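K.L.:
The chain contents come next:
Number of protein chains: 2
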Amino acid sequence: MDKRAFFWRVIAGELPPPRAAETLGIRFIQIDAEAGSVEVEFQGRQEFTNPAGNIQGGFLAAMLDDTMGPALAATLKEGEFAPTLNLNVSFHRPAVVGKLVGKGRVIKRGKDICFLAAELYQSEDLVASAAATAVVRLLQT
Amino acid sequence: MDKRAFFWRVIAGELPPPRAAETLGIRFIQIDAEAGSVEVEFQGRQEFTNPAGNIQGGFLAAMLDDTMGPALAATLKEGEFAPTLNLNVSFHRPAVVGKLVGKGRVIKRGKDICFLAAELYQSEDLVASAAATAVVRLLQT
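Protein sequence lines, in the order shown, are assigned to chains Z and C.
Using this note's numbering, the letters of the first sequence correspond one by one to residues 628 to 768.
Using this note's numbering, the letters of the second sequence correspond one by one to residues 628 to 768.
For reference, chain Z alone in the conformation it holds in the complex (with noise of 0.2 Å):
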């Protein structure tokens, strides 16, 4: 069996990314392992609007989290998982249907517990951006 992380059989092509993060319609754009930072793009879709046609605003976290969670994924080893503890969303401006772009980058990888950050764009304006908390742990196999 293929001992790669699942994240690196996603960016290969050999996995099918997390349904939840299909459902965003991601794609991947850029990586930095060494860095711990990544560049991701996602659909924001009518099925995601809100009563006055803007994406509610808990997609637009949902997109964050999931901009985050690729950044931290980079960096772990096979075997290892990192669920968010916390997620802190601040919403700048309203986002339209259409594509946006996530920014997101490891702020400090501790021996377990680490900090990210993230922001979204819509057309190169910030809509959102986003600091949360996770932590490493082991896939109980």
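No lab work stands behind these hints, which were simulated from the structure alone.
Hints are not guaranteed to be accurate.
It does not matter which identical chain is used: a pair holds within one copy or between any two.
Said to hold, decoys possible - Within a straight-line C-alpha distance of at most 25 Å, the following computed SDA-like cross-link-like pairs (lysine to any residue) qualify:
1) Lys704 / Ala679
2) Lys738 / Pro710
3) Lys726 / Arg646
4) Lys730 / Leu703
All values reported here derive from a predicted model rather than from experimental measurement.
Guided by the hints, dock chain C onto chain Z, whose structure is given.
P.N.:
Quick look at chain C alone, frame taken from chain Z:
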């Protein structure tokens, strides 16, 4: 034209729920407009899962946003809406595919700035909790 706020027309079944709420499988269980509190049900779907098979944290954040939103919306007048400024979510335990219940309330309804809180349960276990800040605005007509 009916002058009741969008929210109440959804509750009355006169309008469909917003697309984002529909995607999350929202169903209203209880609404107390005077207290500014609601209890809502969501469907944690396969399409929201992470590689571990649990509901991705971002989608739990979206559910919490859609629990606090209606709690505040129940207090709004015709022509008002209340975008979220900040959403802070803590994840207490994994949630699996299936039903989730959100309990949300308005902590303080200021002249325009509002503070909200909510918890998300699965099989009566607390899976995530959130605090949010929102601002009441007049819809541009």
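K.L.:
Run every hint past the structure and note whether it holds.
P.N.:
Hint check:
no. : hint            : result
1   : Lys704 / Ala679 : between (43 Å within a copy, 15 Å between copies)
2   : Lys738 / Pro710 : within (14 Å within a copy, 38 Å between copies)
3   : Lys726 / Arg646 : both (19 Å within a copy, 18 Å between copies)
4   : Lys730 / Leu703 : within (19 Å within a copy, 35 Å between copies)
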